[in-house]
Structure formats: structure tokens, C-alpha cells
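If you want the building blocks of each chain, they are given just below.
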Amino acid sequence: GDSVTQMEGPVTLSEEACLTINCTYTATGYPSLFWYVQYPGEGLQLLLKATKADDKGSNKGFEATYRKETTSFHLEKGSVQVSDSAVYFCALRENQAGTALIFGKGTTLSVSS
Amino acid sequence: AAGVIQSPRHLIKEKRETATLKCYPIPRHDTVYWYQQGPGQDPQFLISFYEKMQSDKGSIPDRFSAQQFSDYHSELNMSSLELGDSALYFCASSLGSGRAGNTQYFGPGTRLTVL
Chain A
4 GDSVTQMEGP VTLSEEACLT INCTYTATGY PSLFWYVQYP GEGLQLLLKA TKADDKGSNK
64 GFEATYRKET TSFHLEKGSV QVSDSAVYFC ALRENQAGTA LIFGKGTTLS VSS
Chain B
-8 AAGVIQSPRH LIKEKRETAT LKCYPIPRHD TVYWYQQGPG QDPQFLISFY EKMQSDKGSI
52 PDRFSAQQFS DYHSELNMSS LELGDSALYF CASSLGSGRA GNTQYFGPGT RLTVL
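The listed protein sequences derive, respectively, from chains A and B.
Per our numbering, the first sequence runs over residues 4 to 116.
Per our numbering, the second sequence runs over residues -8 to 106.
Just chain A, same shape as in the assembly:
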């Protein structure tokens, strides 16, 4: 079945450092890919998405490119802030009605000033 694998954390960075969180997937079809962020004690927020190969999703300085050839969707940010500290989930969804998201295990990011 479909699955998502993302790098294990925690990831600890200093403010203004570069961030990369790796995410790879296996899927039978051509899924859409997502990054969700969960701040402490809160729900899941959609960070960015890409619906087809070579699409680049971006939001709040974060970027990820849908790479079909490497089945990857790595999350990147050039300069992290303390406020970016959260858990980041990579997820995929096959494009059928009502199909659920399949999440990776999540990566905890901690940014210190």
C-alpha cells in the first residue's frame, strides 16, 4: 500500500539556519503531496501542497518540489525562525473521492535563538 517516510527528528537548529526535512513516498497512482504543520497543543495546518510532478508548493518561506523520478517531496526553508518550531508531517493522498491522507511519522523541529 501507499506509504510516506520522512526523516526522523528531532531536528535542532539555530535561528537563520537552513532547513531540509526529507520525505519520500510510495504510491500506486499519482498522488497529491502535502506538508502539514502542528504547533504545540494545536491542530494540523496545511503548510503547502503539490498536485502533480514538478509542481512546487510554497508558503511562509517554505518550499517543496514534487519529484516523481525520486518519489520525494523534501521540505526546505532558507532561514528558520524560532516561531517555526513545530512538528512537520509529510502526507500523500490518492486522487479519489473521500480518500484519506497518509501521513509520515512527523519530524519535530526545534529552533533556538
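If you're looking for bench data, these hints aren't it; they were derived computationally from the structure.
Predicted model, so just to flag it, every value in this text is computed and none were measured.
Just so you know, not all the hints are guaranteed correct.
To be verified - Calculated lysine to any residue pairs in the SDA-like style (CA-CA distance at most 25 Å, straight line): (1) Lys80(A) with Tyr96(B); (2) Lys108(A) with Gly29(B); (3) Lys6(B) with Asn68(B).
Could you slot chain B onto chain A? The hints should help.
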């Protein structure tokens, strides 16, 4: 903009009791999903409804049931609660189907504690 509403936000129950969680999707959204997130875990899909019909089923225990009503809100009914049911329960909604409906917006969650 209106978001997904879940109630209650917190719920404490004893073992073997029942619980009902409610979800009100974003207006005009026709698809609702339920997920369970254990402590330090990724969200696990339970069940979904599209246009009031069950559309997909995940790892939902037989003790749980759910439905989507004519106004598109959904309820997750949980019976014979066990300690292991303690978790954060998320509802998400989306508009449409297939690729057009692929963005799911999550509610704040209901934190269920079973004592």
C-alpha cells in the same frame, strides 16, 4: 474564514463508557474525514464520508461508528471505551472529489481522555 468546528474540545470518560464527538465542516464542504492521533504519533485515518455516504474506511475499531447528516456535519460514536482510546481526534473536511477535493482542512481536534 470559517473553519472546521469540533466539539467538545476536551472530553474525559471512564472505561466502558460511551462518547460522541461532533464535527461541523467548512460551509459547502461535502466530505468529512476522521483521524486519531495518539501521543507522539502521526494521525491515523479512521473513516470518511462523501455526500453522506461512507467513502473510505481505515483502522476504525468495531466499537466505533460514524455518520454524516443531511447538513453535512458528522458524528463519531465510540462505545465501550478503553484506555487505549485516549487520543486527539481530528475531523477534516474537503470540497468536491478526486483531485479537486484533495485539500483537507483540519479542525482543532477533540482530546479524549479515558480513565
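Output the numbers, in ascending order, of every earlier hint that fails for this structure.
-> The structure conflicts with no hint, since it agrees with every one listed earlier.
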